[in-house]
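Listed here are the chains, written in short residue letters.
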Amino acid sequence: MTASGTFGYGPEFSDFIDVTRLGAVIVKGTTLNYREGNPYPRMAETPSGMLNAVGLQNKGVNYFAEHIYPSIKGLNDNIIVNVSGSQIEDYVATAEKVAQLDGVTAIELNISCPNVKQGGMAFGVTACGAAEVTKAVRKVYPKTLIVKLSPNVTSISDIAKAVEAEGADSVSLINTILGMAIDAERRKPVLSTITGGLSGPAVKPVALRMVWQVAQAVQIPVIGLGGIMNWKDAVEFLLAGATAIQIGTANFIDPAVTVKIIDGINEYLDRNNFSSVQEIIGALEV
Amino acid sequence: MKKYISDLRLVSTEELSSDYFLMKFTSNEPLPEMLPGQFVEVKVDNSPTTFLRRPISVNYVDKETNELWLLIHAIGDGTRVLSALPVNSIVNMVYPLGNSFTMPEKASERLLLVGGGVGTAPMLYLGAQLYAHGFHPTFLLGARTASGILQLEHFERFGAVFCTTEDGTMGEKGFVTQHSVLASQPAFSRIYSCGPKPMMMAVASYARKNNIPCEVSLENTMACGVGACLCCVEDTQKGNVCVCTEGPVFNINQLKWPI
Chain D
555 MTASGTFGYG
565 PEFSDFIDVT
575 RLGAVIVKGT
585 TLNYREGNPY
595 PRMAETPSGM
605 LNAVGLQNKG
615 VNYFAEHIYP
625 SIKGLNDNII
635 VNVSGSQIED
645 YVATAEKVAQ
655 LDGVTAIELN
665 ISCPNVKQGG
675 MAFGVTACGA
685 AEVTKAVRKV
695 YPKTLIVKLS
705 PNVTSISDIA
715 KAVEAEGADS
725 VSLINTILGM
735 AIDAERRKPV
745 LSTITGGLSG
755 PAVKPVALRM
765 VWQVAQAVQI
775 PVIGLGGIMN
785 WKDAVEFLLA
795 GATAIQIGTA
805 NFIDPAVTVK
815 IIDGINEYLD
825 RNNFSSVQEI
835 IGALEV
Chain X
205 MKKYISDLRL
215 VSTEELSSDY
225 FLMKFTSNEP
235 LPEMLPGQFV
245 EVKVDNSPTT
255 FLRRPISVNY
265 VDKETNELWL
275 LIHAIGDGTR
285 VLSALPVNSI
295 VNMVYPLGNS
305 FTMPEKASER
315 LLLVGGGVGT
325 APMLYLGAQL
335 YAHGFHPTFL
345 LGARTASGIL
355 QLEHFERFGA
365 VFCTTEDGTM
375 GEKGFVTQHS
385 VLASQPAFSR
395 IYSCGPKPMM
405 MAVASYARKN
415 NIPCEVSLEN
425 TMACGVGACL
435 CCVEDTQKGN
445 VCVCTEGPVF
455 NINQLKWPI
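Chains as they are written, first to last, in my numbering: chain D, 555 to 840; chain X, 205 to 463.
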């Protein structure tokens, strides 16, 4: 799958890859109303990664449903909409609207965006908040409900268990890690928002650890993401217990990386005489 | 326009001036069509602190030799590693990206192309394309000192060239917006500009005051280059838009610059 916010709506990459080959396309974070996002500068390159503070820039769910969805319907069998909000009512209203779109097979509930002032991550940092928003959306959304978890917490397993208990079908993790970059010469923060979300290979060991912990803690499928740059990284997440993986920041470095990773996983399976990817999920020998 | 990911081979690197390098690349396949103002996302290997690709303007496309020219100002780790690559190195590029400068409407138009520093890079390809379409552009190049005026002999192939340097070592002393060619008659009917933001703002201000259509090319910090990450946004009359897809070329009336 492609991680939300790193693949646009999909057509941005159709010159480079056959988008139908992907397991799913998760489109960028969608909110009830239009959001302008944060002011520029929104990005800072860091060693082995980058910080972003986009702030959920999008035109709102109605615009998505009327103008974007018709043009991407059928781009992939699994179009998943990442839904975000700043209050529970917004999440619910957005999910209700998305539920009407036949071509959208799942929602990824974003309770972990570090770049919006109200809400977003606020729901994702407590088990109680995460449970509350999951419960509310579950009531109105009958299809597959994935909850995307924040790593900026003390115990991610507790939060995973809380959303599982409220009916989440799956959890995806990790969203970005809250970070900061400073321009020493100017003595100013690089990002307009001072802090932002760190992604890329720099976060991979943290993501892998959290996927491992959550896979031990819950029964529902875990989707792993965080700094996956190649097939080997992907296989590590599968071994740690992820049932599926998302590719995010790597799309910026190589727009064809997703299909290379699919091919690489298949070659790994063949080379090691596995007949199915199922055989390596959670197969870490400890 | 279709975008490609390709491995290009480095044919030559020439240090035009301190830290300014002209790098020429070729491909086994014919290079795709590229428009003036478009850019290339260059992958830099073997630089531990460089994670993202580097967006570089198309400086020139030589169809006869199948070469893509990039003008590199080696100011960071990525561009330094790039400029030091040995000949025949294979460099991965995603291209061509972004929009392009608008071609003039009338054959009689008097065109001014203003470039500063490494921002002169797209002005050469624009000038070449205008010349190929029968126009006779005027170039106005600015730099701090004479050694910063780059590729003069190439610009001269496509039009009249005027220079300003801040220290007066070449052309007129001062800034581009102070050059006497701006007062020449008949007045310019269209201005294109690329360079440091203060320079472009001064050019934009001149253009607005004199009611001359003006396009500028922005270089906001980018990640993906294809409109996916929404990092390089510019605040415009349409709200925040991606410089990598809606730009890098903008009419100054689209921008919210305080000019």
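These are calculated hints, taken from the structure and not from any lab test. Cβ atoms here follow ideal geometry from the backbone N, Cα and C, with glycine treated the same way. It is possible that some hints are incorrect.
With beta-carbon atoms standing in for the labels, derived distance ranges [said to hold, decoys possible]: (1) X:Ala391 <-> D:Glu739: 48 to 54 angstroms; (2) X:Lys267 <-> D:Asp569: 20 to 26 angstroms; (3) D:Asn587 <-> X:Asp439: 37 to 43 angstroms; (4) D:Asp656 <-> X:Lys310: 36 to 42 angstroms; (5) D:Asn632 <-> X:Pro402: 35 to 41 angstroms; (6) D:Ser625 <-> X:Glu370: 30 to 36 angstroms; (7) D:Glu739 <-> X:Lys310: 44 to 50 angstroms; (8) D:Asn632 <-> X:Asn292: 40 to 46 angstroms; (9) D:Asp631 <-> X:Glu219: 48 to 54 angstroms; (10) X:Lys310 <-> D:Glu650: 50 to 56 angstroms; (11) X:Thr269 <-> D:Ser829: 50 to 56 angstroms; (12) X:Asp211 <-> D:Glu739: 34 to 40 angstroms; (13) D:Thr749 <-> X:Gln441: 25 to 31 angstroms.
Against the structure, the hints come out as follows:
Distance hint check: the CB atoms of Ala391 (chain X) and Glu739 (chain D) are about 41 angstroms apart, inconsistent with the given range 48 to 54 angstroms. At roughly 22 angstroms, the beta carbons of Lys267 (chain X) and Asp569 (chain D) sit within the given window of 20 to 26 angstroms. As the Cβ distance of Asn587 (chain D) to Asp439 (chain X) is approximately 19 angstroms, the hint placing it in 37 to 43 angstroms is violated. Separated by about 51 angstroms at the C-beta atoms, Asp656 (chain D) and Lys310 (chain X) break the suggested range of 36 to 42 angstroms.
Checking the proposed 35 to 41 angstroms range against Asn632 (chain D) and Pro402 (chain X) shows it is violated: the Cβ atoms sit about 48 angstroms from each other. A C-beta distance of roughly 50 angstroms is found between Ser625 (chain D) and Glu370 (chain X), which places it outside the suggested range of 30 to 36 angstroms. At roughly 47 angstroms, the beta-carbon separation of Glu739 (chain D) and Lys310 (chain X) lies within the given 44 to 50 angstroms, and the hint holds. Under the hint 40 to 46 angstroms, the C-beta atoms of Asn632 (chain D) and Asn292 (chain X), about 43 angstroms apart, fit the expected range.
The beta-carbon spacing between Asp631 (chain D) and Glu219 (chain X), approximately 52 angstroms, falls within the hinted interval of 48 to 54 angstroms. A hinted range of 50 to 56 angstroms holds for the C-beta pair Lys310 (chain X) and Glu650 (chain D), which are about 54 angstroms apart. Between Thr269 (chain X) and Ser829 (chain D) the Cβ separation comes to about 52 angstroms, which falls inside the hinted range of 50 to 56 angstroms. Evaluation of the 34 to 40 angstroms hint for Asp211 (chain X) and Glu739 (chain D) yields a pass: the beta carbon distance comes to about 36 angstroms.
At about 30 angstroms, the beta-carbon gap between Thr749 (chain D) and Gln441 (chain X) stays in the expected band of 25 to 31 angstroms.
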